[in-house]
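Peer 1: Residue-level listing of the chains:
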Amino acid sequence: MTVPPGQEPPGIRPYLRSPAAPVSPAPPAAWNRPAHRAPDNLRPYVLTSGRVQGDDPAVNLETQVTIRPGAPPDAARSMPTELQAILATCVSPVSVAEISAQAHLHLGVTKILVGDLCAAGFLDIHQLEVDPVHSPDVILRVIHGLRAIS
Amino acid sequence: MDSVRSPDAAPIPVKIVVAGGFGVGKTTTVAAISEIPPLTTEAEMTSAGVGIDNPGHRVNKVTTTVAMDFGCVTIDRTLKLYLFGTPGQARFGFMWDDLVRGALGALVVVDSSRLDDCYPAVDYFEQSGLPFVVAVNAFDGVLANDLESVRWALAVADHVPVIAFDARERLSVRDALLVVLDRALDRAVSGSHS
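Quick note, the sequences are listed as chains C and Z, same order.
Under this note's numbering, the letters of the first sequence match residues 1 to 150, in that order.
Under this note's numbering, the letters of the second sequence match residues 1 to 194, in that order.
Just so you know, the hints here were simulated from the structure itself, not pulled from any lab data.
Hints should not be assumed to be uniformly reliable.
[To be verified] Rough simulated footprint, nothing fancy, chain C against chain Z, three-plus residues with beta-carbon under 8 Å:
| hint | segment |
| --- | --- |
| 1 | 27-41 |
| 2 | 112-120 |
| 3 | 147-160 |
| 4 | 168-177 |
[As the list claims (entries may be wrong)] Ranges between beta-carbon positions, derived for each pair:
| hint | chain 1 | residue 1 | chain 2 | residue 2 | range |
| --- | --- | --- | --- | --- | --- |
| 5 | C | D131 | Z | A155 | 26 to 32 Å |
| 6 | C | A148 | Z | P37 | 41 to 47 Å |
| 7 | C | P73 | Z | T65 | 51 to 57 Å |
| 8 | Z | R114 | C | A75 | 49 to 55 Å |
| 9 | C | H104 | Z | A157 | 39 to 45 Å |
| 10 | C | R77 | Z | V142 | 15 to 21 Å |
Computed from a predicted structure; not experimentally measured.
For each residue, glycine too, the CB sits at the ideal point set by N, CA and C.
Please take these sequences and the hints and turn them into a complete structure.
Peer 2: Printed below as a string of structure tokens:
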């Protein structure tokens, strides 16, 4: 980790410097960099401008995500390849964990980027109306479904 | 968010955590029943790492990238079960909190000849109140210790099922998951007043 001398206080990692904790979701400024292939040694949270907390705590590993119908296809083409890769996996309903695996992105990074893309109008995050943990009906359906496996 | 249910609507996702130490058969368990080959995702974890993997001058925090394997079973068009295999170390507590939020329950996979590997998982689920089942993986159909000895050694409460299963057999994994779901159902019924 090399910090240019005299520029930053020591101990702060370069990718954590800017921007100072965005309150509103999705700073699209991060998308304005040219859509070239990122170098392999890029630190994962560069893509999120150093943010390590997702905007939406309700986004979980299994949360389902889909392309928002009518999202402008032209705007997606100027995005970094990582974001395009996320959009490409969401054509049919898919979980955040699957997006992470298929787009080869860290889970934490994926959650933040999915939140950004939702805030920008490209993705729908499907929140559950009822927590399955407290729903005997849902659990019984899972039980019946598993019993049918042979 | 979306109130219209189209044929392509997103299913309700439910999840069960598959926990245990290294090499006890978590990924084998997931692979046995998943309809897709298990996928791997990487998560970056930060946790206190006192005395473990001493990183030299960075004393108080350890950032580690851990791999997590997962698979899924489509129950029907509107319901999908995810199985997440978790790294078993106690010091990855941050990840477990994330995993356990919204989970129906957990299957703690145990190698009966290396019981101590599962202590962190058992401790964690007891404290978090997540319904869990201890499933002793019978490597080659043989248990190094009988189930009562395992129960005694782990000192789990009487209501926690301790079962034997074979992580390579789809039906055996299915039955183990059904025991977890039974416990999950108990929690859901006792928690709701309807």
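Peer 1: Work down the list of hints and note, for each, if the structure agrees.
Peer 2: Hint check:
1. 27-41: Three-residue rule met by the segment 27-41 of chain Z, so holds; n is 4.
2. 112-120: violated (count 0)
3. 147-160: violated (count 0)
4. 168-177: holds (count 4)
5. C:D131 x Z:A155: 26 to 32 Å: Given a distance of about 31 Å, which is inside 26 to 32 Å, the answer is holds.
6. C:A148 x Z:P37: 41 to 47 Å: violated, 22 Å
7. C:P73 x Z:T65: 51 to 57 Å: Distance hint for P73 of chain C, T65 of chain Z is violated at roughly 34 Å.
8. Z:R114 x C:A75: 49 to 55 Å: holds, 53 Å
9. C:H104 x Z:A157: 39 to 45 Å: For A157 of chain Z against H104 of chain C, whose Cβ atoms are near 42 Å apart, the range 39 to 45 Å holds.
10. C:R77 x Z:V142: 15 to 21 Å: With Cβ atoms ~58 Å apart, the hint is violated.
This entry does not satisfy hints 2, 3, 6, 7, 10, going by the numbered hints stated previously.
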